[in-house]
Amino acid sequence: MLGKVLMKGNEALAEAALIAGCRHYFAYPITPQNEIPVYMARRMAELGGTFIQAESELAAISMVMGASAGGVRTMTSSSSPGMALKQEGISYLAGAELPCVLVNVMRGGPGLGGIAGSQGDYFQATRGGGNGDYRTIVLAPGNAQELADFTVDAFDLADEYRIPVLILVDGYLGQMSEPLTLPKPNGKKFEKSWAVRGSEGKSKNIIASLRLVPDSALEVHNLHLQDKYEKITEEVRHVDEYRCEDAEWLIVAYGAAARVARKAVDSLRTGGTRVGLFRPLSLWPFPDRELNEFAKEVEKVLTVEMSLGQLIEDVKLSVNGEAEVDFYGRAGGAVPTLDDIIGRIYSYEHQDHTHVQAS
Amino acid sequence: MSIKTIPMYRRPEGLSDVRTHYCPGCGHGIIHKLIAEVLVELDIIGKTIIIAPVGCSVLAYKYIEVDGLEAAHGRAPAVATGLKRALPNRIVISYQGDGDLLAIGVGETVHAANRGEKITVFFVNNANYGMTGGQMAPTSLEGQKTTTTPHGRDGTEVGYPIRACELIDTLVAPAYIERTSVHNPGAVKKTKKAILKALSYQKEGIGYSFVEILSMCPTNWGVEPATAAEWIKTDMLKSFPLKKFRDRPMEAAVEKEAS
Ligand SMILES: Cc1ncc(C[n+]2csc(CCOP(=O)(O)OP(=O)(O)O)c2C)c(N)n1
Ligand code: SF4
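As you go down the protein sequences, you meet chains A and B in turn.
Numbered according to my numbering, the first sequence spans residues 133 to 491.
Numbered according to my numbering, the second sequence spans residues 25 to 283.
Hints may contain errors.
Unchecked claim - Pairs of lysine to any residue, SDA-like flavour, derived with a Cα cap of 25 Å:
#	chain 1	residue 1	chain 2	residue 2
1	B	Lys262	B	Thr173
2	A	Lys324	A	Gly181
3	A	Lys136	A	Gln307
4	B	Lys57	A	Gly333
5	A	Lys360	A	Glu323
6	A	Lys334	B	Glu61
7	B	Lys227	A	Ser335
8	A	Lys334	B	Met32
9	B	Lys268	B	Gly229
10	B	Lys71	A	Gly180
11	A	Lys334	B	Leu83
12	A	Lys336	B	Glu61
13	B	Lys227	A	Lys136
14	A	Lys336	B	Arg34
15	B	Lys86	A	Arg294
16	B	Lys71	A	Arg155
17	B	Lys57	A	Ser331
18	A	Lys334	B	Thr44
I should point out that these hints are in silico values taken from the structure, not numbers from a laboratory.
Model the full assembly from the supplied sequences, consistent with the hints where possible.
Okay, structure coming up:
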């Protein structure tokens, strides 16, 4: 265990952002992500960085926009209701192609909902909760180690593609303490000649999302964004496959739900049912081709989520009729239990009827 | 024999050589010109970034020879905060209309001022929403007819004009707060002085500066440019008296002198 530290998921993520060189962090308090601003308030003061407790999430994401436009690495974090407010700024950042890292430590909704962990913002995260045709890269870590590692990656991806990168976490992962090895800075450097730092000695830079003239300007810009998204779809596809090789059942789950699913895989295999876990680590782009390949080999696919039918849409789009797709979801802070998942598969295996939804 | 002509008046070098989209008689163009002049006079034009609001001046960065950034409606002071914190040695200007600054962005306005961000806010008060077609603004006068107050603004129904300088003057942090106007040449001169002061204080790293400028919107006020300028004098000044509300460095200097 040499070199390991025990940290809350939220703190591991915050420290990793500092390791990645983030010195400008802006946020508004909300449970269950409060450890991040509290940690950043202390550490930024030590490191001479900037932490501002913003007056709202609208302001926090706008501060991120300003800092990003100035060419520095910047981040904001929140939880579901706060993330809803940030959608305005995210759309502007995406439109102006400004890199930044966003963190949503999800809690149950709709509305104020509850403070327990949830995965209810899958649609908001992967479909783009703001206005217009845009995408953000969405990463889905499943433990404290991944929270830290993916955060460092997120800053690189953001700079490489000039895009907001969202780390989608649920409250359980954020709150849980786990041992991890802190990542090392990878030293990658990105030239940001587009930043607005004053026009001295160069032609002037403008960062804007408004495009009025000529009439075609906005469509041309959108097509450019689509080309970029296509490139990302080819280059950024992450998935963790667990005991999938000979599986007849494939469970698809991410985050905390996938941790329970992984246990269910082992347990079911001990009982003689060949089950595997397909865990997408990037939710956009979704590893659809990879899932489709597996779907051809298995008989059934079970989607397990801490929401009521969101992830399953991407699963069905990926499976594309190659296998039957079943669903098990819990909401409002509830977590699927080992027994829930085993029971779902067991009852199908040992009875003549099916709960499987036609895909 | 060749005749040499010396131009009495020319486009300031800080102003881009393009046609603006502003209506004839609009105050935005005058204010852009003053800012451009001051940026050159203070020799900070190459270090300046202007943040354009959502409103008629959304393209402000096209008209002044500086780097430009466009904020969402009302968020310019927060964007300016992020940018200035990232680049403390640059000059950051937040340029905003009254809907932007006092309605949708009132939170960002008050909190950036309250934190004493070392930025400069130029607040163009034209008593209505120019860009969207002359709707009521937080600064529309009592009785003023706008497209959304067709019978005149009734304070008991929709509230009374909000006075930005007076509001910000209640906060501890701001260094400089002044209200000026551009309705006649004398007023324009005073506005330039205020712009110069605000930006020189930022250049010196002193603190937050705020200049409110009463400005004509003949198009949506439905009058000729000259009548618009007159209306500022006869009507707007009653609700928005021209005044230097705060000048911390000056006050400190006077105090020092006295002691
Ligand atoms: C979120 C959002 N709401 C509404 C609008 C529409 N809108 C554009 S400009 C504007 C008002 C601008 O008025 P003001 O700030 O007074 O500036 P002016 O045009 O008078 O200079 C509004 C409501 C928008 N662009 N974004
Ligand atoms: S509508 Fe009013 S504020 Fe807008 S450009 Fe025309 S005169 Fe100026």
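### Message
Can you confirm whether the C-alpha distance between Lys336 (chain A) and Arg34 (chain B) stays at or below 25 Å?
### Response
Distance of about 22 Å is within 25 Å: holds.
### Message
For Lys360 (chain A) and Glu323 (chain A), compute the direct alpha-carbon distance and say whether it is at most 25 Å.
### Response
The hint holds at about 18 Å.
### Task
Starting from Lys71 (chain B), check that the Cα of Gly180 (chain A) is at most 25 Å away, please.
holds (23 Å)
### 25 Å Cα cutoff - pair Lys136 (chain A), Gln307 (chain A)
Holds: Lys136 (chain A) and Gln307 (chain A) sit about 18 Å apart, inside 25 Å.
#### Entry: Agreement of Lys268 (chain B) and Gly229 (chain B) with the hint, judged by alpha carbon distance not exceeding 25 Å
Holds, at about 20 Å.
### Query
Holds or violated: Lys227 (chain B) with Lys136 (chain A), Cα cutoff 25 Å?
Distance ~47 Å between Lys227 (chain B) and Lys136 (chain A) Cα, so the pair is violated.
### Task
Quickly compare the C-alpha distance for Lys57 (chain B) and Ser331 (chain A) to 25 Å and report which way the hint goes.
holds (18 Å)
### Query
Is Lys334 (chain A) close enough to Thr44 (chain B), meaning Cα to Cα at most 25 Å?
It holds: about 23 Å lies between the C-alpha atoms, which stays within 25 Å.
### Message
For Lys334 (chain A) and Leu83 (chain B), compute the direct alpha-carbon distance and say whether it is at most 25 Å.
### Response
holds (20 Å)
### Query
Taking 25 Å as the top limit, are the C-alpha atoms of Lys334 (chain A) and Met32 (chain B) close enough?
violated (30 Å)
### Query
Quick one, are Lys334 (chain A) and Glu61 (chain B) close enough, alpha carbons at most 25 Å?
Roughly 20 Å between the alpha carbons, so the hint for Lys334 (chain A) and Glu61 (chain B) holds.
### Task
Starting from Lys86 (chain B), check that the Cα of Arg294 (chain A) is at most 25 Å away, please.
Status holds; Cα separation ~23 Å.
Of the numbered hints stated above, those contradicted by the structure are hints 8, 13, listed in ascending order.
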